[in-house]
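**Student:** Letter by letter, the chains look like this.
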Amino acid sequence: MNTPVLQESLEELVERCTLAVETPGFAEAEAWKREAPCRAIAGCFPVYSPVELFHAAGMLPVGLAGGGNRMEIAHADSRFQSFVCSIVKSTLEQGMTGALSSFDALIFHSICDPARNLASVYARNFPDQKVEYIHFPQNLGTPEATGYLAREYERVMVSMSELTGRQVSFDDVRASISTYNQVRSVIRDLYAIRSDTPHLLKTRELYPLVRYGHLVPPERHLEVLLRAREGILAREGRPKDRIRALLVGSFCEQPPLDLIAAIEDAGCYLVDDDFLQGRRWFTRDVDAEADDPYYALADAYVDRSVPCAVKHDIRTSKADALVERARVHRADAVIVLCAKFCEPALFEYPLYRKALQAAALPHISLEFEEKMWVFDRIKTEIETFVESLLFS
Amino acid sequence: MADLQYQGHLHNLQKELMAEYYADLTASAEGSGVPAAYLLIGGNPVELLRAFDILPVFPEVNALQLAVRKQSLPHIQAAEFMGYSSDNCAYVKADIGMYFAGRKTPFATIPEPTLLLCNYVGCNVYLDWFGHLSEYTGRPAFQLDIPFIRTQSGTPSRDDIIYVLRQLERLVELCEEITGKRLDQDRLRESVRLSSETGALWSKIKHLTKQAPAPYDAYFDSVTMMAPLYCLRGTPQGLRFFETAYAELAEKAAAGVGPLETERFRYVIEGPPPWPHLRTFRDMFSRWNAVAVASTYSTVGGLWEFGFVHDPDHPMESIARHLLEWNLTNRNFLQRYAQIERYLEEWNASALVIHSVKSCRLFSAGQGDMREYFTKRGIPTLLVESDLEDPRYFSEAQMRNRIDAFFESVGHRTAVQGASS
Ligand code: SF4
Ligand code: SF4
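Sequence lines, in order, name chains A and B.
Going by the working numbering, the first sequence opens with residue 1, and the numbers climb by one from there.
Going by the working numbering, the second sequence opens with residue 393, and the numbers climb by one from there.
One side only, chain B facing chain A, incomplete, derived with CB under 7 Å:
no.	residue
1	MET474
2	ASP537
3	ARG542
4	SER748
5	GLY758
Reference excerpt, derived from the structure (chain A facing chain B, CB under 7 Å, subset only):
no.	residue
6	SER78
7	GLN81
8	ASN117
9	SER120
10	VAL121
11	THR142
12	ILE314
So these bits of chain B aren't anywhere near chain A, every CB distance computed over 12 Å:
no.	residue
13	GLU582
14	VAL701
15	GLY810
Simulated from the structure, these hints should not be mistaken for lab results.
We put the CB at the ideal spot given by N, CA and C, even for glycine.
Could you put the whole structure together from the sequences, leaning on the hints where they help?
**Tutor:** This is the structure in structure tokens:
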């Protein structure tokens, strides 16, 4: 836990984060919990979770990101059918194999039907853990949405306070908002650096740096990110002959790191993506000074958040937003990379396709599974796609 | 005694009333001037639309009608050609395919929507579906956000109810804009009163299958009665249908007549039916003299049999409660287990059949856990898979084998238990 981050090189930091992300289990979080009494761990199912609430309650919000490609699904397959996405099963499998036994609470959200049923199945199978379900408003155009969500957050906070036995003040929540604002701000910088100079920061490096925040306290993550930013800014290099691609569709279940690397190796600079979308949910800082910090968090959800397949905001068109994002990032093409059986992601595609065609933006649509091992086929498809763009 | 023929008057009355309803849809499509609102089955605030004389159109009912008439596949394929995935809900695909094919069906021409009223009662697909329709039709969508039942008590909080009431008020404003009329409180109370009586009768009908033999099949016959329950609720015609239905079915119950010659197995069934193969599926149970005495699917629009009635004195609040609490799909998965448990006990059933539907993750995702839960309680439980709309996912021989083996073993088990008791 106490390795001095400040002395590590960028490459060392990336290696440390990659190792942490790829190693099954939650060793750092468990060590953190053991350091002091009354500490607790909250496991947050994707996509977005108001981590500030758990942090303010004295908990470590750990991001659940599935089982990766090193986990065998042996038990959960009998609970969730073959046509259900993998992360639902791997999360339950983690529960069934004891990987989440140090978690005190599990948090699910209204993102999709399988995730909602998983909340119930999980609660039934693990009665000793607290399971909370957050209903995010699905009518963001109604003025009541923000106040409603603020009260929903307070309800969750009461539940967490019962668990930790800690009274949480508005100042506690404000302080947590401020901490996470700092983390998100550095992540925004890193994303901007990658978009401007993708030859200086590969996605296979950026991704583990961001995902490391799933596993450790935000203060620790911030140290790593700040040091990494220094390292990146000191880098030099020249762009290669690659296409600038924007990737969408992987906001919940995560593709294996090797698949991300394979996409880059196939000739793409990924200039924007929606991996780990919840870590980058807000477009601007959340108001850390607000009179009512719950309302501030809810307001940020309703009015300062990114478009996402699991957020049904009919005030704007997600397909138009995608085209606009591609323009802002000067993308040559779009890669739609959806988790297999992820209905929300799959539902976006027909509208994306229509808008991308209308904007004359080439795209390719692919599916992945978190347990994928072999990437040859997908890599070849992207290579062919890239070649068709570079040499047409 | 009048005609005790199975599905006698009732069947004819249903045909007649639904034909009238579909004629209204066609008339609207052809320019009668009656505005049409698309809305969804789950919960659903149809009474409010009735008070404004807005014609309710249920894309789910249209989709299942297409499936029953074996007309869904070309529409599904057309939608897949547009980029919809084989894993997307096939109701949506059939509906969107049908929309782009000119909205003509063998039963009606479906009008363009004046309003897309997405009542988000549980199913997340609803939101995508109506969002897409809004994009294609250019018509406004109203997303009525109904918080899912997520607390231990299983009831909505005061905040939930107020939140829904506020949105209903905004919906009223929108309907006023669309129709140019003010909400007539008396008309609203009247449609809620009609719903209230309809719901009470439907509840009594549901309770009739507690007796043996059950006077009708609470899956195969109930699901067909769902069409008048949604499309005609809140109207005098709807009430007339359920008055007739109750009278006829109560008479059968009194006479000890059921849909089968003899009733050998009483089971509960979970999940939507395979609409494209409904008859074949039904035969697979009938040949075992097995009757469904209760089904979860027949409660997607409302859970009247457990005590809900609309309240004409508090019309808006009762609409809100219906949306929030008194329907299957806004309740959590464990509440569904509890519902099935009640059916097994109070309706005196000895087996559970789970029809897992590839298209509908709201219903299906996690049914393996449900099976495990009931199996552990000693309830013989069968899980079979197909689809509610896409005819390609029905494997007849395999399905028949599974069902045969299941009832054979339930029969054997009953015989052994009988011998040892
Ligand atoms: S991957 Fe898609 S379907 Fe699966 S839990 Fe996430 S949002 Fe739901
Ligand atoms: S997913 Fe299920 S509940 Fe939702 S629209 Fe499709 S069939 Fe209906």
